[in-house]
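S.K.: One letter stands for each residue in the lines below.
Protein chains: 2
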Amino acid sequence: MTTKLIISNGTFASLRPGAERTAVTGTMVIENDMIVYVGEHLPQEYDTSEAVRIDGKGLFFMPGLINTHGHAAMSLLRGYGDDMVLQSWLQEKMWPMEAKFTAEDVRWGTALSVLEMLKGGTTTFVDMYDHMDEVAKVVEESGMRACLMRGAIGLCPEDVQEAKLREAVQFARDWHGKADGRITTMLAPHAPYTCPPGFIEKFVQAAHDLDLPLHTHMSETAAEVAQNVADYGLRPVAHLEKLGFFSRPSFVAHGVHLTDEEIEVLARHDVAVSHNPGSNLKLASGVARVPELLGAGVTVSLGTDGPASNNNLDMFEEMRLAALIHKGVSGDPTAVPAAEAMRMGTLYGAQTIRAEKLGLLEAGMKADIVAVNVNQPHFVPHTDFVSHMIYSASAKDVAHVWVDGRQVVKDGQCLTLDEERILFEAGRCFERLLER
Amino acid sequence: MTTKLIISNGTFASLRPGAERTAVTGTMVIENDMIVYVGEHLPQEYDTSEAVRIDGKGLFFMPGLINTHGHAAMSLLRGYGDDMVLQSWLQEKMWPMEAKFTAEDVRWGTALSVLEMLKGGTTTFVDMYDHMDEVAKVVEESGMRACLMRGAIGLCPEDVQEAKLREAVQFARDWHGKADGRITTMLAPHAPYTCPPGFIEKFVQAAHDLDLPLHTHMSETAAEVAQNVADYGLRPVAHLEKLGFFSRPSFVAHGVHLTDEEIEVLARHDVAVSHNPGSNLKLASGVARVPELLGAGVTVSLGTDGPASNNNLDMFEEMRLAALIHKGVSGDPTAVPAAEAMRMGTLYGAQTIRAEKLGLLEAGMKADIVAVNVNQPHFVPHTDFVSHMIYSASAKDVAHVWVDGRQVVKDGQCLTLDEERILFEAGRCFERLLER
Numbered sequence: 005m006t007t008k009l010i011i012s013n014g015t016f017a018s019l020r021p022g023a024e025r026t027a028v029t030g031t032m033v034i035e036n037d038m039i040v041y042v043g044e045h046l047p048q049e050y051d052t053s054e055a056v057r058i059d060g061k062g063l064f065f066m067p068g069l070i071n072t073h074g075h076a077a078m079s080l081l082r083g084y085g086d087d088m089v090l091q092s093w094l095q096e097k098m099w100p101m102e103a104k105f106t107a108e109d110v111r112w113g114t115a116l117s118v119l120e121m122l123k124g125g126t127t128t129f130v131d132m133y134d135h136m137d138e139v140a141k142v143v144e145e146s147g148m149r150a151c152l153m154r155g156a157i158g159l160c161p162e163d164v165q166e167a168k169l170r171e172a173v174q175f176a177r178d179w180h181g182k183a184d185g186r187i188t189t190m191l192a193p194h195a196p197y198t199c200p201p202g203f204i205e206k207f208v209q210a211a212h213d214l215d216l217p218l219h220t221h222m223s224e225t226a227a228e229v230a231q232n233v234a235d236y237g238l239r240p241v242a243h244l245e246k247l248g249f250f251s252r253p254s255f256v257a258h259g260v261h262l263t264d265e266e267i268e269v270l271a272r273h274d275v276a277v278s279h280n281p282g283s284n285l286k287l288a289s290g291v292a293r294v295p296e297l298l299g300a301g302v303t304v305s306l307g308t309d310g311p312a313s314n315n316n317l318d319m320f321e322e323m324r325l326a327a328l329i330h331k332g333v334s335g336d337p338t339a340v341p342a343a344e345a346m347r348m349g350t351l352y353g354a355q356t357i358r359a360e361k362l363g364l365l366e367a368g369m370k371a372d373i374v375a376v377n378v379n380q381p382h383f384v385p386h387t388d389f390v391s392h393m394i395y396s397a398s399a400k401d402v403a404h405v406w407v408d409g410r411q412v413v414k415d416g417q418c419l420t421l422d423e424e425r426i427l428f429e430a431g432r433c434f435e436r437l438l439e440r
Numbered sequence: 005m006t007t008k009l010i011i012s013n014g015t016f017a018s019l020r021p022g023a024e025r026t027a028v029t030g031t032m033v034i035e036n037d038m039i040v041y042v043g044e045h046l047p048q049e050y051d052t053s054e055a056v057r058i059d060g061k062g063l064f065f066m067p068g069l070i071n072t073h074g075h076a077a078m079s080l081l082r083g084y085g086d087d088m089v090l091q092s093w094l095q096e097k098m099w100p101m102e103a104k105f106t107a108e109d110v111r112w113g114t115a116l117s118v119l120e121m122l123k124g125g126t127t128t129f130v131d132m133y134d135h136m137d138e139v140a141k142v143v144e145e146s147g148m149r150a151c152l153m154r155g156a157i158g159l160c161p162e163d164v165q166e167a168k169l170r171e172a173v174q175f176a177r178d179w180h181g182k183a184d185g186r187i188t189t190m191l192a193p194h195a196p197y198t199c200p201p202g203f204i205e206k207f208v209q210a211a212h213d214l215d216l217p218l219h220t221h222m223s224e225t226a227a228e229v230a231q232n233v234a235d236y237g238l239r240p241v242a243h244l245e246k247l248g249f250f251s252r253p254s255f256v257a258h259g260v261h262l263t264d265e266e267i268e269v270l271a272r273h274d275v276a277v278s279h280n281p282g283s284n285l286k287l288a289s290g291v292a293r294v295p296e297l298l299g300a301g302v303t304v305s306l307g308t309d310g311p312a313s314n315n316n317l318d319m320f321e322e323m324r325l326a327a328l329i330h331k332g333v334s335g336d337p338t339a340v341p342a343a344e345a346m347r348m349g350t351l352y353g354a355q356t357i358r359a360e361k362l363g364l365l366e367a368g369m370k371a372d373i374v375a376v377n378v379n380q381p382h383f384v385p386h387t388d389f390v391s392h393m394i395y396s397a398s399a400k401d402v403a404h405v406w407v408d409g410r411q412v413v414k415d416g417q418c419l420t421l422d423e424e425r426i427l428f429e430a431g432r433c434f435e436r437l438l439e440r
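Chains A and B, in that order, are what the protein sequence lines are.
Just so we're aligned, residue 5 is where the first sequence starts under this note's numbering, counting upward by one.
Just so we're aligned, residue 5 is where the second sequence starts under this note's numbering, counting upward by one.
One or more of the hints may lead you astray.
Chain copies aren't distinguished; within one or between two, either way the pair holds.
[As the list claims (entries may be wrong)] Capping the alpha-carbon separation at 30 Å, the derived lysine-lysine pairs in DSS-like fashion look like this:
#1 K97 - K61
#2 K246 - K141
#3 K61 - K182
#4 K61 - K8
#5 K182 - K8
#6 K414 - K361
#7 K61 - K400
Worth flagging that the hints you see were computed from the coordinates, not collected in a lab.
Predicted, not measured: the structure shown is a model, and the values here were computed from it.
Next up, chain A with everything else stripped away, as it sits in the complex:
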C-alpha cells in the first residue's frame, strides 16, 4: 500500500545548480520513501485520497543534511581535552581513552551522536571507526541513513593489519544495503601517514573486489604532508594516486594542504573532498582552499569530524563556517555564497558518497527532509530563507525530520530513540572510562 504525505503552504529549498530561484512556495508530495512532487500547484488530477496532510505554513523545508566525515563514538570524549597542541591532545588525551573503548562504549557514544545529528537535521552521516557492528545497529534502530566503514590504522604487525583488513571487508559485506538500504559501506585505510603503502594497496584491491568506494584522511596538517614527502618522496595526492587509490570512486577528508597541481589531480579523478572547517580551525590545522577546489570542479562537501575536535555535530554551523571563513581569509565577500554552502551540506554531500537519490527536494529523490520553524526573531524579516539557514540558523532550529519518508523528529523530539536513556548511558560510559 502506498503511504501518501502532502505538505501544503510550505517553502521548499530549490538547490539544483543554475536554478532560477533558491526556494519555491507551494506543495510537496511524498509517497512512501520518495518525493513525487514539489511545486507551486499540485496537479488537479493527483489523487489525494487517504493522504496524510501537513500544513507547512511557517516552515522552511530543505534536504536532509549529509555529514561526510566523522567518528561518532568520540562524542564520549567531548570536552575532555581542548585548546591543546595536537600531539599532546592525541597522545595524552584521545588515544589512551580510545584504547579503552569497548563495544558498549561505541554503542552509546554513537547513539549520543546519532541523536544529536537527527535532532539537528542531519539525515545521513559517514562514520569511520571501530566496533562498526555496533554503529550499524544504532543506525538501523534510529531510522537514520549512514555510510559506514571500519577505519584501519596500519601501524601494527602484519598479522594485526590482516585481521583489521578482514574485519573491514567483512563489515562492508555484511552491512552494505542493509536497514532497507539506508546503510551503505565503504573501505577506509585511515591515512597515508598511518598506513604503509602495501596496506593501502590491499584496501584498494578489496574495494575493486567488492566494487565499493574508498575513503581516507588526507593532507590534514602541514606536518603530515612533509612527513609523506620525507618517507615516500611524494606529497599525499601523488602517493595515493600511485597506489591506485583514485582508480576507485573515492573521497578524502580534510584536504587542507593542497597545491594547485594536487587540486588538478583530484578534479581529474573525480575525488571529492570532505571539508571539516570546525575541526580544522579548532585543531589549528589550517584553512582548506575551498574556493579553489570548487573553482576546479572538485566536489566539496562538509563534515564535522569527531565530536572531540569540534565539539558539536551541528551541520548548520559547518555550512556557516564554510560560507564565512573563506570570505574572511580570501578577502572576497562573494566566495562560497549561501546557496553554495547549502549545497555543500546537502547535494555535494550526496555526490561525495555516491548517493544519487539524495541531496535535493525534487520528484524522484528520497524523502530525506528537514523542516525549520522560521517564525523566530533571527529569521525575520522573511527576505531569503537560504541566507537565513546559512547565516542565522543552528541545529536547534530544526522542528521536523523525515528519513526515507519516515518521520524521525517531531517538534524537536526524536521519535525513534530514547533520549533520556542515551544521555544517562553515555554519561555512565564516560565515568567508567575514567575509572578503567
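Please arrange chain B on chain A, whose structure you already have, making use of the hints.
M.R.: Okay, now just chain B, sitting in the frame of chain A:
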C-alpha cells in the same frame, strides 16, 4: 523590602582570570539586583526566610553576555543583501534602505533584536545608530541593559554636522543612568573615514564636558586604513591619538588591520577593542590580530555588529568564532582557549564599556545571569561546561535570563516583550520599506 532568590545545586562559571577552577557547583544567592553569594556551601547563618528558591540541577549559570558593538535596528535588513562586494552592498542595498528608516522602523527593528538577544543570553548591548530615543524606550521596556549612543557620520554640510552633534549630546544627557541605571550613554563619531578631523575633535570635547566615554569604528578594512594615510598622512590609530580621542576612556569596533606599534598605542591608552569576528568574516574585512592584542594587554570583547552583516545576534557564536578562527589562522591550537573566549563575551565586555559591576558571577556584582540547560546531547558527557558553552552551545540553548535581578526569560520565553507582535511589526516595517 529585600527580594531574595536562592539557586541551589547549580554549576556556576568562575571566570576571574587566574581562578583555580572555571566552575563551582553549589549555591548562588541574589538580593534584589545584586549577587550576594556564590559558593559550595551557603553559610548556615544566612537568613533564608521568604527567599524564592530555584533548583539549579541540570543548569549551567554564566554571566550575562555583553555585545559590545552593533546597530540593532538593522535587523530589518537581515538577508536583504549577502555575498556582495562591500561597496555594492552598502551603496545598492544598505544605504538606500536605511535612508528610508523612520523612528517606527528603528523601534521595531530594535525590538526584534532586543528580543533575539535576550532570548539568546545577551543581557547588555552597545548600540550606535539613529533615532536613539526609540532604542532607549525599547531597552527600558524590555528590562535589558544597554550602552547607547547616537552614531554621527560627518560627510555632510557643517550645519547638519552641528545638528547631529547636538542630537548626540542631548541623547547622551537625557538617557545616561536612566531605566534604573540600566542605560548608560557614550559619544560616537562614526569613523575616521566618515568624520572630518574637526568633527571628531568636537565629539572629544563634548565627551570631556559630559565626562562620558567615546566609541568609534576603526581599521575595519585595509582600504579604509590606506585612505586614512592618503588623506591625513597617518594610520587611523595615530590619527585618533592626535585628535585626542584616546585621552578619554574609549573603545573601538573591529580593529582588524593593526600594526605592532598601533597595538602598543592602544594598550598604553587602555583603549579596548570590540572584536566582531562574524561580521569581519562575512564582509571579508579580514581576521583581527586577537592573540597579539590580548598578549599586549588590550581588553578585547565581542560584538555581533549589525544583523545585516552577521546575520544573527548569537553571542555564543561570536565566542566560538573567536576561539576557533585565531587557532586556525595562527596555527596555534592553544590560542584563545575556551575560558578566555567566555571572558571576551562577558568580563572583558564589561571592562570595555566601563561597567565595573558586570561580567562575573561573584558577590558584589549585578545579577545579570544566564542559565543553560545542559541535559542535552551536545553537552554530554559533563566534562567541562565552559568548553561546552564555547564549542557546543548556541543562543537557542538558553533557558533562563535575569537582568538586574529580574527574570526576563523563562524556559526560553521572553517575559517582558510581546514576541508575536514584534515579529509581525518587524515584518511589516520591512514590507513598507520595500514599497516606499
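S.K.: All hints, please: hold or fail.
M.R.: Do the hints match the structure? See the list:
1. K97 - K61: Answer is between; shortest inter-copy Cα gap is 28 Å, intra-copy 48 Å.
2. K246 - K141: This pair counts as neither: shortest intra-copy Cα distance 36 Å, inter-copy 69 Å.
3. K61 - K182: neither (36 Å within a copy, 42 Å between copies)
4. K61 - K8: within (19 Å within a copy, 44 Å between copies)
5. K182 - K8: within (24 Å within a copy, 59 Å between copies)
6. K414 - K361: within (23 Å within a copy, 43 Å between copies)
7. K61 - K400: Classified as both: same-chain Cα gap 19 Å, cross-chain 22 Å, threshold 30 Å.
Consistency note: the structure conflicts with the earlier hints numbered 2 and 3.
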